[in-house]
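So you can see what is in the structure, the chains are spelled out below.
2 protein chains.
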Amino acid sequence: MAARNAFYAQSGGVTAVINASAAGVIETARRHKSKIARVYAGRNGIIGALTEDLIDTGKESTAAIRALKHTPSGAFGSCRYKLKGLEENRAQYERLIEVFKAHNIGYFFYNGGGDSADTCLKVSQLSEKLGYPIQAIHVPKTVDNDLPVTDCCPGFGSVAKYIAVSTREASFDVASMAKTSTKVFVIEVMGRHAGWIAAAGGMASSKDTDLPIVILFPEVAFDREKFLATVGEKVRRYGYCSVVVSEGVKGPDGKFLSDQGLRDAFGHAQLGGVAPVIASIVKDGLDLKYHWAVADYLQRAARHVASKTDLQQSYAVGKAAVEYALKGHNSVMPTIVRKASRPYKWAIGMAKLEDVANKEKMMPRDFITADGFGITDKCRSYLAPLIRGEDYPPYKDGLPTYVRLKNVAVKKKLNTEFKV
Amino acid sequence: MAARNAFYAQSGGVTAVINASAAGVIETARRHKSKIARVYAGRNGIIGALTEDLIDTGKESTAAIRALKHTPSGAFGSCRYKLKGLEENRAQYERLIEVFKAHNIGYFFYNGGGDSADTCLKVSQLSEKLGYPIQAIHVPKTVDNDLPVTDCCPGFGSVAKYIAVSTREASFDVASMAKTSTKVFVIEVMGRHAGWIAAAGGMASSKDTDLPIVILFPEVAFDREKFLATVGEKVRRYGYCSVVVSEGVKGPDGKFLSDQGLRDAFGHAQLGGVAPVIASIVKDGLDLKYHWAVADYLQRAARHVASKTDLQQSYAVGKAAVEYALKGHNSVMPTIVRKASRPYKWAIGMAKLEDVANKEKMMPRDFITADGFGITDKCRSYLAPLIRGEDYPPYKDGLPTYVRLKNVAVKKKLNTEFKV
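Chains as they are written, first to last, in my numbering: chain S, 1 to 420; chain L, 1 to 420.
Keep in mind that the hints were calculated from the coordinates and are not lab data.
Where is the CB? At the ideal position from N, CA and C, for every residue including glycine.
There may be inaccurate statements among the hints.
[Unchecked claim] Here's a subset of chain S near chain L, in silico, CB distances under 8 angstroms, partners left out: (1) 78; (2) 79; (3) 295; (4) 389; (5) 397; (6) 398.
[Unchecked claim] Here chain L is said to cover these stretches of chain S; the calculated rule only asks that three of the stretch's residues, wherever they fall, bring their Cβ under 8 angstroms from a Cβ of chain L: (7) 157 to 166; (8) 200 to 207.
Starting from the given sequences, assemble the full structure and let the hints guide the process.
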């Protein structure tokens, strides 16, 4: 069979290691030029395919592609854009086929989370439903760690490490200050639906380094009195307390706690985070001095403290995606399979996209302590290997040297516009 | 002369490297046991002296003291507590002398910022004013970088590096998302009076890695229209923009921008940061999607990404403080003297405490660009060496192994209480 080209795109929120998956795809494809002639990346994800804005990754040097392994963010641009169903917007799919055909694209690698898996599933059905031969493989990525089937999600381990390290550091800080100043430190972390990232805050405390940490999960309805009693007890015992709060924590009424209808002095609405809300509750309820932080993008961009396990897995799923494509697979996703926790052993497995798309994996109830404010030993065993290992980027003049690709556009072959 | 004991205490907000100064003091004193018999640390700073709550650092192993070099926070506890003037509260000074006499303390090492330098100055006058022979040496420390005389302040370089690295990483992130999602990222940093830390955000952009960054300094009154025009222009040119905002930014009325009189739906006051205020201004004025982060304690506790230059200087001022004491000095502070910027050369100098106490060093006007939103080349030359070099802590199971000392109390010799 004559060589065909591959399309690769990054989708949804980016991570510290999604570019390592890109490197895995591109480096592996480069070793199989007889089957995959070129890898074209979508500029800004699937939008690049729809608008025929393709990037020729062949124009990038070996060194530049290698440097993707230590560069956070999405090197080709990502997007938040979900394809509608084939029945709802057939024109989108016909456009994809038009672009793919024009550029001889036979492989579709889509690097994203749950929504993106759904897009990839739809593209994988183009062969069957619209008669265009293509193999679509999903490359898993999400800091939220909420994809089903796979043991963990590439991107999560690095955020987890960042939150665990930062919570440990800030806890040491507040411990020093507690005698006369701050006694409660609140850090807000990502995870609107699933509490995996919040759980990672619990790893800051270990057998060697016992720290008072209270976690607020989106899976557990916020109980003000119980929360204040728990924080108060930690402060009495340790002198201080750190609170790790998920952005998605909801009150008993099912509304996000962050949604407080904040107004400034002029009555303008203010979009606040949940950390200042929790801090105010601590102040009102316990009259303790507090500080709060919102990690936001810092947590998912922090390549400088990425997890080596996560980095290796991110690369591995990119590599496996190409290998699966070369073996003729379609509509699948490489997964991380945990073979053992101690010592940690993992391998790459395969999931059908129909089992992955549009499903969310929440924290199991037995990963959360009975009081709802901590993580169990079972959760610790699960998380421990995922944050293990350091893999520092190179530095120049005190700053990490992150690569920016040339991102040379592939010459357009169609003379048609497409409105996204 | 018979050996006397030394008192060492940490004061004010802690840093990623203040414990390196402690190591410098303790390791150097241990090499001069004929003159400094023991180093006693104040538990929670000067409060430990007033309450006779002293820690015998002699009970700590060589390895534990060495580990202080890679441990953030204040290992003996810090405090926010300023001694009043001798005339205002003579009892405090008489109590200090009582405790010092009981424990044969002849050396006083005080590790802090501007307020602490004032405390140290007052203690240094005990010999002259109250007839108790003591040598008081100030060990500089402040993330705010606002001490006079010294070229820079130990603790600042590491925060600066953290903010520069984080701003670079988050800028890469938002660049990936800008096509369909977030276009403006806001990060709030410390520095209530001086904009040194905010300035460090400007280092995220370099000749190799041009990034659109707008800085809001506390030294420059906030001009809403000019700010929106500048951000709008960056977004048009780059597709996105990062804003680094100092917590101390004030409006034209001289009031902190963070002080917006925020109320929740029930009319309760909310203590917000300035980042969400700036984000709301961007949304209202430009209708662009934004994200915001507040680094808070994470920035000053981030030993995992500390500056090697800063670490070396922090150790050096601790060492020099002891050496100055052994040479008979009193009422002085070791300083960092810049000998050259390229290549960077520095040495330890000496300042009189009366020239240091209660003075703040602001950003020079020629460090800020004419438009008020950026840093000049002169500022870059100043900052560049301070963030240079990496010095990673050891890790175990994916987390940095920070030491916690035994902090064994020295047996009390006085039977008197003292209320602080």
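**Asked** Should the interface hint for residue 295 (chain S) be scored as holding, given a Cβ-Cβ cut-off of 8 angstroms against chain L?
**Response** holds, 6 angstroms
**Request:** Please verify that hint: residue 397 (chain S), Cβ, nearest Cβ of chain L, below 8 angstroms or not.
**Result:** holds, 6 angstroms
**Message:** For the restraint on residue 389 (chain S), tell me whether the closest CB of chain L is nearer than 8 angstroms.
**Reply:** Since the shortest Cβ distance to chain L is 7 angstroms, the answer is holds.
**Request:** Verify the interface restraint on residue 398 (chain S): the C-beta must sit less than 8 angstroms from at least one C-beta of chain L.
**Result:** holds, 4 angstroms
**Asked** With a Cβ-Cβ cutoff of 8 angstroms, does the segment 157 to 166 of chain S contain at least three residues near chain L?
**Response** The restraint on the segment 157 to 166 of chain S holds, since 4 of its residues have a Cβ under 8 angstroms from chain L and three suffice.
**Asked** Do the numbers back the hint for residue 78 (chain S), that is, is its least Cβ distance to chain L under 8 angstroms?
**Response** Where the cut-off is 8 angstroms and the nearest Cβ of chain L is about 5 angstroms from residue 78 (chain S), the hint holds.
**Message:** Checking hints one by one. Is residue 79 (chain S) an interface residue toward chain L, by the C-beta closer than 8 angstroms rule?
**Reply:** This interface hint holds because 4 angstroms falls under the 8 angstroms limit.
**Asked** Within the segment 200 to 207 of chain S, is the number of residues with a Cβ closer than 8 angstroms to a Cβ of chain L three or more?
**Response** holds (count 3)
Hint check: no violations occur; every hint is consistent with the structure.
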